[in-house]
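J.: Sequence:
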Amino acid sequence: MKETQTSSDSTSNMFLTGTILLANLDYSGLADYALKALVGGVIWMAFKVTGDYISERLKKK
84 MKETQTSSDS TSNMFLTGTI LLANLDYSGL ADYALKALVG GVIWMAFKVT
134 GDYISERLKK K
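According to my numbering, the sequence shown holds residues 84 to 144 in order.
FYI, nobody ran anything at the bench for these hints, they're computed from the structure. It should be emphasised that the depicted structure is a prediction, and the values quoted were computed from it without experimental measurement. Certain hints may be false.
[Unchecked claim] Calculated cross-link-like contacts (lysine-lysine; reagent style DSS-like; alpha-carbon spacing at most 25 Å): (1) 119 with 131; (2) 131 with 143; (3) 131 with 144; (4) 131 with 142.
[Said to hold, decoys possible] Here are the in silico distance ranges between beta carbons for each label pair: (5) 137 with 117: 45 to 51 Å; (6) 97 with 135: 39 to 45 Å; (7) 139 with 110: 41 to 47 Å; (8) 108 with 133: 35 to 41 Å; (9) 100 with 125: 30 to 36 Å; (10) 131 with 96: 37 to 43 Å.
Backbone N, C-alpha and C define an ideal beta-carbon position, used for all residues, glycine too.
Please work from the sequences and hints to get the whole structure.
T.: Below, the structure is given as structure tokens:
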């Protein structure tokens with residue numbers, strides 16, 4: 084009978100663990116969260132740019 088040896092490194096262990104953990108992920112919930120995060124980021128960026136613009140205008144006066 085022939086014996087076989089298998090070697091595993093940390094990369095394959097990481098991919099196996101990631102595959103197992105992500106197997107039951109709710110992708111529709113993840114897409115909703117990503118959309119909300121994107122919209123929130125755009126709103127935050129708009130407020131930030133507007134605040135910087137107003138701040139610079141007040142400094143020039």
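J.: If a hint holds in the structure, say so; if it does not, say that too.
T.: How the hints compare with the structure:
1. Distance check on the hinted pair: residue 119 and residue 131 sit about 18 Å apart at the alpha-carbon level, within 25 Å; holds.
2. Restraint check for residue 131 and residue 143: the C-alpha separation of about 19 Å stays at or below 25 Å, so the hint holds.
3. At roughly 21 Å between alpha-carbon atoms, residue 131 and residue 144 fall within 25 Å of each other, so this suggested pair holds.
4. A C-alpha spacing of about 16 Å is found between residue 131 and residue 142, which places the hinted pair at or below 25 Å, so the restraint holds.
5. The supplied range of 45 to 51 Å is broken by residue 137 and residue 117, whose beta-carbon atoms lie about 31 Å from each other.
6. With their beta carbons about 41 Å apart, residue 97 and residue 135 fall inside the hinted range of 39 to 45 Å.
7. Taken as a hint, the range 41 to 47 Å holds for the pair residue 139 and residue 110, whose Cβ atoms sit roughly 43 Å apart.
8. In this structure the hint that residue 108 and residue 133 lie 35 to 41 Å apart at CB holds, the actual value being about 37 Å.
9. Under the hint 30 to 36 Å, the C-beta atoms of residue 100 and residue 125, about 34 Å apart, fit the expected range.
10. Separated by about 42 Å at the C-beta atoms, residue 131 and residue 96 satisfy the suggested range of 37 to 43 Å.
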